Each structure stands twice: as C-alpha cells, then as structure tokens.
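Novice: Below, each chain spelled out in residue letters.
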Amino acid sequence: MSRALKYLLLFLSLVAALAPVYWMVTISLKSEVDHFASPPPWFSFTPTLEHYYEAFVTRSFAQYLVTSAIVAVISTLCALILGTLAAYALARFRLPYELDRKLSLWILSTRMFPAIVTAVPLFLMMRDLRLLDTKVSLIIVYTAFNLPFVVWMMRGFFDEVPRDLEEAALVDGDSRLGALVRVVLPLVAPGLAATAVFCLIVSWNEFLFALVLTQTDASMTLPVGIAGRVTQYEIKWGVMSAAGAVAIVPILVFAMAMQKYLVRGLSLGAVKG
Amino acid sequence: MSIRFQNVSKTFGDTLVVDDLSLEIDDGEFVVLLGPSGCGKTTTLRMLAGLETVTSGDIYIQDERINDVQTQHRDLAMVFQSYALYPHMTIAENIAYPLRVRKLDKDERTKRVNQVARMLEIEPLLSRKPRQLSGGERQRVALARAIVREPRAYLMDEPLSNLDARLRVQMRGELKRLQHQLGTTTIYVTHDQAEAMTLATRVAVMSRGRLQQFDTPLTIYNRPANRFVAEFVGSPSMNFIEGKIENNIFVNGSIRLPVTKPNRDQITIGIRPEHIRVFTEPQDGAMPANVYVTELMGNETFVFLSVGNNRLIARAPADFRAELESLVWLQIESEKAHFFDPQTGLSI
Numbered sequence: 001m002s003r004a005l006k007y008l009l010l011f012l013s014l015v016a017a018l019a020p021v022y023w024m025v026t027i028s029l030k031s032e033v034d035h036f037a038s039p040p041p042w043f044s045f046t047p048t049l050e051h052y053y054e055a056f057v058t059r060s061f062a063q064y065l066v067t068s069a070i071v072a073v074i075s076t077l078c079a080l081i082l083g084t085l086a087a088y089a090l091a092r093f094r095l096p097y098e099l100d101r102k103l104s105l106w107i108l109s110t111r112m113f114p115a116i117v118t119a120v121p122l123f124l125m126m127r128d129l130r131l132l133d134t135k136v137s138l139i140i141v142y143t144a145f146n147l148p149f150v151v152w153m154m155r156g157f158f159d160e161v162p163r164d165l166e167e168a169a170l171v172d173g174d175s176r177l178g179a180l181v182r183v184v185l186p187l188v189a190p191g192l193a194a195t196a197v198f199c200l201i202v203s204w205n206e207f208l209f210a211l212v213l214t215q216t217d218a219s220m221t222l223p224v225g226i227a228g229r230v231t232q233y234e235i236k237w238g239v240m241s242a243a244g245a246v247a248i249v250p251i252l253v254f255a256m257a258m259q260k261y262l263v264r265g266l267s268l269g270a271v272k273g
Numbered sequence: 274m275s276i277r278f279q280n281v282s283k284t285f286g287d288t289l290v291v292d293d294l295s296l297e298i299d300d301g302e303f304v305v306l307l308g309p310s311g312c313g314k315t316t317t318l319r320m321l322a323g324l325e326t327v328t329s330g331d332i333y334i335q336d337e338r339i340n341d342v343q344t345q346h347r348d349l350a351m352v353f354q355s356y357a358l359y360p361h362m363t364i365a366e367n368i369a370y371p372l373r374v375r376k377l378d379k380d381e382r383t384k385r386v387n388q389v390a391r392m393l394e395i396e397p398l399l400s401r402k403p404r405q406l407s408g409g410e411r412q413r414v415a416l417a418r419a420i421v422r423e424p425r426a427y428l429m430d431e432p433l434s435n436l437d438a439r440l441r442v443q444m445r446g447e448l449k450r451l452q453h454q455l456g457t458t459t460i461y462v463t464h465d466q467a468e469a470m471t472l473a474t475r476v477a478v479m480s481r482g483r484l485q486q487f488d489t490p491l492t493i494y495n496r497p498a499n500r501f502v503a504e505f506v507g508s509p510s511m512n513f514i515e516g517k518i519e520n521n522i523f524v525n526g527s528i529r530l531p532v533t534k535p536n537r538d539q540i541t542i543g544i545r546p547e548h549i550r551v552f553t554e555p556q557d558g559a560m561p562a563n564v565y566v567t568e569l570m571g572n573e574t575f576v577f578l579s580v581g582n583n584r585l586i587a588r589a590p591a592d593f594r595a596e597l598e599s600l601v602w603l604q605i606e607s608e609k610a611h612f613f614d615p616q617t618g619l620s621i
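Heads up: the protein sequence lines correspond to chains E and D, in order. Take the first sequence: its position 189, counting from 1, is numbered 189 in my numbering, and each next residue is one higher. Each position in the second sequence, counted from 1, maps to that position plus 273 in my numbering.
Excised from the complex, chain D in its bound form:
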C-alpha cells in the first residue's frame, strides 16, 4: 500500500522532533529512514504505527487519512529493536498472536504458523519460550510474527542492531529477499548506512527532525543534496576542504585543484576517499602530503593524510605501505568532487 506523510510535525513538550515531514512512499517500496540517533526517524515510524500522536499534518495509507485511527485498526506489522516477544508464550503462540486476536480458527492458525516457520527455518523452535533463544533466533521469530498475516505495510525499527556483525549481514540479505518475495511496502529505520544502501529502493535521510534527501541509494551516494547527507553516507566519510574558486582553480593553501565552476570566495569541496589516489613516488600533477596513520582493512587500506591544515582520508589498495609521517603524493579526481555552500550546506 502507498503511504504518504504530509507536512507532519511532532513535538514533545517544547522539543520539535519531526519538522514538517513530507514523504510519499509507493506501493511495494522498501524505504529506509536513515539518520543519526535523535533525528526523528523512530518517532516518524511510531507515528505511522499510531504509537505516537501526530502534532500537526496528516498521514495517509492508500488515500485513507489514519491520524485518528487506533493502532490496532491500522493493519500494520512492526518489528521492534528489542524484538518484543511475549515472554510467557511459546514461539508458536507468539507467531500466532496476531491471528488469535483476529479470531482465526485454530487449524488455520497452526497452518499459517507452520508455513511461516518453515520459510524462516525456525520450525524446531516452535515449542520453546523466547528466553531459550539466541538473538538471531529471536529476530527471526519477531519477523515471523510480522509476516504471518498480510498487513498493509511492515515497519521495522532497527531490527538488526542487536545482532553480531556476521549475523547482521546474513539477515540483511534475507530481509531483502523476503521483502522481494512478499512485495509488501516496508519502512525500515536504521542509523547504519550500509543497511540503508543495501536494502532500500529509496532512502530518506533525516537530521534533526528534517528530511534531508529522499532518493535512490545510488543518487544519495553520487549526488548528495547537502553536506550532511554527503558526510553521513559513505564509509569512510567524505573529505571536506574549505577554500575559494579562482579562474577554474580551487585553492586552499597548497591544495590547488582544477574545477569547472564560476569564481566564489567561499566554497566547501567534498571528495570521497576512493577519489584520492596515493603514491609513494612523485607523480605528475600530484601534491605532497604526510601520512598521519594507515589502517589495513584486509582488502584495502585507509590512509589518513595531512595536507597543510587539512586532514584527508584516502582509500588505497591493500598492498599500500607507508611509514607514519612519511611523504607521499596525492592525485585528487577533482572532476568527481562535490561542492557545497559553506553557509547553507546545500549542494551547488
């Protein structure tokens, strides 16, 4: 089902948590709300679920205004960060709960529970209690409870954040397949940009209650709308250098980069780490820099550099070796640079 937020705001006391949010989500989309903690993404999700009231604005599901519809009548399914499994019920009873409150008969309930359990490979756990399960297993049960019926949309609040790194990557893939298979609109809240990039058909980046950009993961990465999005998405983070443009040259101290932009007194240039190449020998058109520290990641090396007063991070091949404080040479692919207004942070 399509979901629409129209000028939605939320205040807690004097604090504005969500500020004039407008968002249109198409049927079958997997939309990720991405942002640092406190950016209002979870509150947004909770307003959609009806667990928080809307201070102003309207929320629609398929053109039905749901502001005043009670949670239990919104027909949504939610996966909580804490999983929120009912501790006194067995796994089978947990999964069957949404069916039980809908008064489905027992045979149908058992059939549906078994079907979902098979799909998520948790059949052997059905007679156990939640406390006997590992984190990953609980996660699956929470998921099973959500998909056992056919809700209008799935809401997921950081469902993977309590899992260890390996399991998180595995479940991420399975979530994506599952959503593809079911084709149900999904809204997923996370602060993990890797989850956002891999799962989403579109990402809504939020900061301090405001929507920063709402677009496909690739566009978010390649054409960030502002400095916040550019900095938040991508790991390691984008490099920013303040400076000015004179006669198609970006200047900051010893850094000089050819650009095709009109003259400006103040500008921020953003360069992703993969667009900086590092050499141990002098190169044509390369500028000298000092190695601050190197981090070998296995398949690549992050090189932290200092150029004048600027700190830059570059991505180098795994076999790159350099001593601390040694002199290296940089080539910056300035044609791939991003430009931001230093005052507004907006992309230019």
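In isolation and in its complexed conformation, chain E is listed as follows:
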C-alpha cells in the first residue's frame, strides 16, 4: 500500500473517531447562543466554563462522578479477584466428567443473551433485597457481568504459563495460593492489566442497569446523570457535554497508564515467551 493512501486512511479514521469528541468538547466550552448558530463557529468562539460550573457546582454531577468511580473500581476489583481465581482453577485442574470444560462454556453462555432480558429480574431481586437505589446493587451487577469476561481472558493467560514453574514453587515449599501470588500472577500481570482496563471501561460506561436500578442522586452514575438532562422542557447540551468531557478523562488516563501492558496483554496469547 502506498504511503499516501496509508496516511489518508489514518486521517479518515482519526476524524471519525475524534469528531464527536471535538464536538462535545467545543459544545461544553461554548455559550448557549453559539450552540445553535448556523453555520457553527468551529474555532472562533469565546470559551466559557459556565457549563462546567453549572454541572459540577450547581448540579450534582460531582457526586455522580464519585459514584461512578466507586462503582467502577470496586466492581472491577471484585470481578478481577473472583474471575482470576476461577480462571486459575479452570486452567489448572482437571475436574471429573470434563466439568472444567463444561463450566467454562456455561460461564461464557451467560454473555450470550442480551443484557436487557435480565433487567426486570434483577430489578425485582434488588427490590426484594432492599438494594434498589444503592451503589451495592450496581457493584453486584457489574461484577456479575464482567466475571465471564475476566474468566475467559485470564484462563487464556494462565494456559500460557508453564506448569513447571508452579510445580517448582510447590516443591520449594510454597502453597498453591502462594505460588499463584508470587510466581504465576507476576507473569500474567500484563494480561491482568488489559483485563482490568476492559472491565473498568465497561463498568464506567454502563447505562442500562444504572438507569433501572438507581433513582436518586444517592446512587446515580454519570451516564444516567447525563442522560437525565434531556427533559420534556429542555435539553441542557452544555451541561451534558461538560459532564461527558470530564467523564472521558479518568478512563483516558488509566488506559494510557496501562498502555504498555495493554499491547503486551493483548498479544500475550499470540507469541510465546
């Protein structure tokens, strides 16, 4: 492929990816008059922080941000811990009647139906457990939905680690769990990091269950909070854009911090050593 064509494609995909972001960021910085100007002022407008002030000071978006962070981080941690242990067991132990293989498939099958079919059952369950409108309900649901993903990702990474290493650790006097923590986990760390990024993104952006299970500012997450600014009387484009622009930042920072692991993690299965 010629160089020019390569750059053209690169440019087009960049435009496609970044245009909405550009639009959101500029809207968040424009005064309301400029929002509806035609043609829109692409670059020449007087920037203002009034929407940011309205969102995070006048309205409760700061609280949504904190809720989102708590829910995303805790559910990611829970999914990683539970899923990693399950994946290790499935990767290493042969269960009778091929149960290890069947269990893996069964775990995967929980991701095969559309999430929305569980919305009503989950709502009823959370109601009976008196967990509606709490962060705990979201943490539980997000953990459950990330678990299959973690199990399958981590199982692949564990399969790559030679058994000899754990056996050596056992003979050296370490326990199973000690060998897992001290020998195996450091070796699958890139995979763990990649998995963590995906879980975090999924939980951070999740909208459906947050909408169904939360009602008040006490447990509302950022995506639900933003969508809530579309009302029958007005659509607060400025506030929504400001909140959206802020919502991107933590994931962007985290993904950049994990970038070197991300690439290694994703290619870990492909190349040995």
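If you are wondering where the hints come from, they were derived from the structure by calculation, not from laboratory data. The structure displayed is predicted, hence computed values, not measured ones. The C-beta atom is built at its ideal place from N, Cα and C for all residues, glycine as well. Fair warning: there could be bad hints in the mix.
What the hints assert, rightly or not - Some chain E residues close to chain D (C-beta under 10 Å, calculated; not the full set):
| id | residue |
| --- | --- |
| 1 | P162 |
| 2 | L170 |
| 3 | G173 |
| 4 | V183 |
| 5 | L187 |
Please build the complex by placing chain D on the supplied structure of chain E, with the hints as guidance.
Specialist: Here is chain D on its own, set in the frame of chain E:
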C-alpha cells in the same frame, strides 16, 4: 533420608504408567531411574514429589507415609528438565525463593544464597534475570535453588538433557562431587545410560512401568536380569543371537560357540561388542564374517558384521581397517556370554 516405594501403581485413565513398583533407597544413596521415554520413571519421581497422586501403594520417607502429604510439606528439592526458573525474579531471588517461603530473615537468606553461589561459581550472575543466562548457567541456578536449603532428598528430572554434549559431561562430574560432598539422598531420572552408570550408587532400570532390575551399575552391566536391561545398558548395544544348545555347543547356522549350559531347544545368547574380536587374517577357532560397515570413533572402531542372517557389532581398536563387504574373522569370548529365555526374556 531413606525412601521406600511399596507396591506403587499409577494409572492415567486406562493407561497403567507405573506397575507395582517396590523400591528401597537408603539414606545418602544416589539412585538413578533409567529407562526409555514413557517407561514411568518421571511419573515415579513426580509421585515422590507429590505432583502426581498415587493410584495404589504407599511411599515412605524415613518410615513416614507421605501419600497424603502435600508437595510443599514433603521437604524435597527438585531440579526440573526445563529448569523452571522464575522468569520475573533475579537469580538471587530465584535461589532465595525456598528460603523466602520458609520465612527466613533477610540476612540469613543473603548469606546462604552467596554461599551456594560461590560453591557453584555463579556469583557474577546473581543480579541478572534467567533469560540473560545460557543453558549451562541456568542449570547451575536450578541446582543452586535446590541445594540452598537442606531438604530430605534431591529429585532430578533429566537435569542435563538440555545441555550440549561437552557441558553435560562436565556437569555430570560436578553433580557427582556435589552429591558426595552434601551426602543427601538423590533420585535422578534419565534415559541416558552413561549418566546412570557414572552417577549412580544403584540404578533402577524401568520399562513399560515395571522395575526391571535395581542394582549397582557394575552388576547391571555385568549381570543384567533380563534381555531388556542387557540391551538398554551399554553402548553400542549387546548382540543377541537366537539358537539352541546341543552338547555344550551353541548353534545358529554357521555360528558355533562352546558353552557350559544344559541342552535347550531355544535360547538367546547375548554378547557385548567388546567380547568380539575381529581379525583380517584367518585365526584358530575364528569364524568368517562379512564387514557391513565400519565406524571410526577416534579411540576405537565399531565394526558392523553380518554372519549368516545375524548382524553383530564388535569393538575393534582404532587402527582396525577393513573394506566394506570384505571377509574378516571373529573370535567370540563365549565364556562372557549372557543367556536369556527367548519367551520370558529372563536371564538364565
């Protein structure tokens, strides 16, 4: 520590891998489990280490039954064929690992690691990572990790098989010295009979999951219990000729050898290559043979011969020269021959 296998069997699914193995190893012995791949020797070692469960039978260390003791509580040290060094740790951390999990304090750990590193001459490598090391160096580190503590026994699973030939011979010697110095019971698995002969105080020859013979290297070589042991130990391999014994003469076609055995219709005679002498000129009592091929090894020559339908290998001096298909004469030292039952393979 003494180690005892008592009627130990192991099956994987329907496959019998180790079949009713009984073995008593004395304290301080260097025992080599020798056999071709798939003979169950590695499985035996892994059962002792607790990495495989025992299907039936018992394993004892110093009269303590260890079948149900978990690997980490058996207090054994193992050197793996792949070395199994922890890739994310430095060499020093690798060697210190068994001490770390035993919660020794840091000063003591450093002291012990340095001591072992000095002994195995790997001090300059301590701050490196395993991937920066050559095969021979990794081998030493794996060894260092095993001897840094004082386990009840060392288990070694083909530890030299990934080294090149020169290094293998060198490490073989060092292993022997090391074990002599430490005096710790060692069980060593290999398919290389040269390693078995040089290292072992006693060799356990295994085939298809069964123990064939358990004795000193010299006895294994000089008085093999059956045809399998006779064939597996010794290089080049022992010659076998089928035939019968009539009036103290072993007969197979043109081959006639004086023996002192009762008459038998069917018998297998085994002759080591060094017990066949080859001459280019006719000799008294020598039988004619054709040269199939000769292999000059430097210090000696292997002569492959055909006598009737039989193929024989003889060891000749390095200066032996003969054209292919040329006629030569053999003298077989039949008083050093071994006799086997053709049906059971057992030595007679």
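Novice: What are the numbers of the hints the structure violates, in ascending order?
Specialist: none
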